[in-house]
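Number of protein chains: 2
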Amino acid sequence: MTRRAQPTDDLTKGERTRKKLVDATATLLRKQGYHATGLSEIVAESGAPRGSLYFHFPDGKDELAVAALVQSGEGWRARVDTAVADAKDLGSAIDSIVSLLADDLEASGWENGCPVAAVALESISKPVRKAVVAHYTAWQDGVTDSLVTRFGVPRAIAAQFATVSLAAIEGALLLARVHKSREPLITVGRALQAMAMMVPK
Amino acid sequence: MTRRAQPTDDLTKGERTRKKLVDATATLLRKQGYHATGLSEIVAESGAPRGSLYFHFPDGKDELAVAALVQSGEGWRARVDTAVADAKDLGSAIDSIVSLLADDLEASGWENGCPVAAVALESISKPVRKAVVAHYTAWQDGVTDSLVTRFGVPRAIAAQFATVSLAAIEGALLLARVHKSREPLITVGRALQAMAMMVPK
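Residue numbers (the numbering used here), protein chains in the order written: chain A, 1 to 201; chain B, 1 to 201.
Hint data in this document are derived by calculation from the structure and do not stem from the laboratory. Each hint should be verified, as a subset may be incorrect.
The list treats identical chains as interchangeable, and a pair is accepted whether it falls inside one copy or across any two copies.
Unchecked claim - With a Cα cut of at most 20 Å, we get these calculated EDC-like pairs of lysine to aspartate or glutamate:
1. K126 with E111
2. K126 with D62
3. K130 with E111
With these hints in hand, go ahead and build the complete structure from the sequences.
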């Protein structure tokens, strides 16, 4: 399943082609990782003309991978923000996030886990590694800020709760994918909700 | 760093060669995943003669990968069992496990995460996928049993606590590796200890 982070109607033809390549790379990196993903497969998945690849990404696979990881991170932050927009408390925000991830994973036939985790655990070049670090740092900071500003959690506790939530959800996504089951995500969601009830305000 | 799951003194020359190949494969799968690991690299890392590879593993890389994942799982279960053997309660058992993993990851220059996670998130063949599922199932069952028999946790709660612990530690290993820092493991360990205090006996 290809994710689109922005509407494509107002893009030029060249921008649409570039976006097709980035979408296809993001989909493949998420499903199978960096080394399993070849440029031919990216071109085939994207439907873009082969020649457009080096026109838009002269540095090849690494440049494409960086663009795909950045887009995946931004796209998922937007989806999570939308999912928690109406949450009246931290517990229901956690429930919304876990349901969003479990629905997406199940709908993909248990293939769509964390869009960055597979690449994070492989041997990768410095620019790709930098994009991975930036991705997880942005999540850590974004979740911490939300906990402080939306749910009134003191910042020092918010940073720790953000680390525990990210770790537990990341691991649950892996276990859910391995076992083809929503259960690890649901169980972790319940544990995080129990912890949320004890966070001082 | 190559892990040895058993002493090699009592092995025949052929068994030692086989073990070298499995050790090298386990090391490389853990550090960089399945698709980044080539047979030439395995042979070079192992120091075994190239010809021995197809003698011991006629089905090639998949057969080697399965043997390596099984050995990693057994080796780590033995190490964790040793680490928690003297733990007087669940909280100190969690502390011992988290310290063991953080020490190992830091000593490896932040390369040695979960021995199976990288492979679990890639596109892999059915036999390798089966070894991955068996690995995580064995951990889930083993941790649940320990919680029941050693720490008197009711089985239904033990199964949930095992899922949350495995997920959180798996995710923390990924974050610790990405950020080259023990902090995610230490923070997750503290959260699991706080949860352990509330588990009914």
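Comparing the hints with the structure gives:
1. In this assembly of identical chains, K126 and E111 lie within 20 Å of each other by CA distance solely across copies; the values are 14 Å between and 26 Å within a copy.
2. Within a single copy, K126 and D62 get their C-alpha atoms as close as 9 Å, which meets the 20 Å cut-off; across copies the closest is 29 Å, which misses it.
3. For the homomeric pair K130 and E111, the shortest alpha-carbon distance between copies (16 Å) is at most 20 Å, but the shortest distance inside one copy (25 Å) is not.
The structure is consistent with each of the numbered hints, conforming to all of them.
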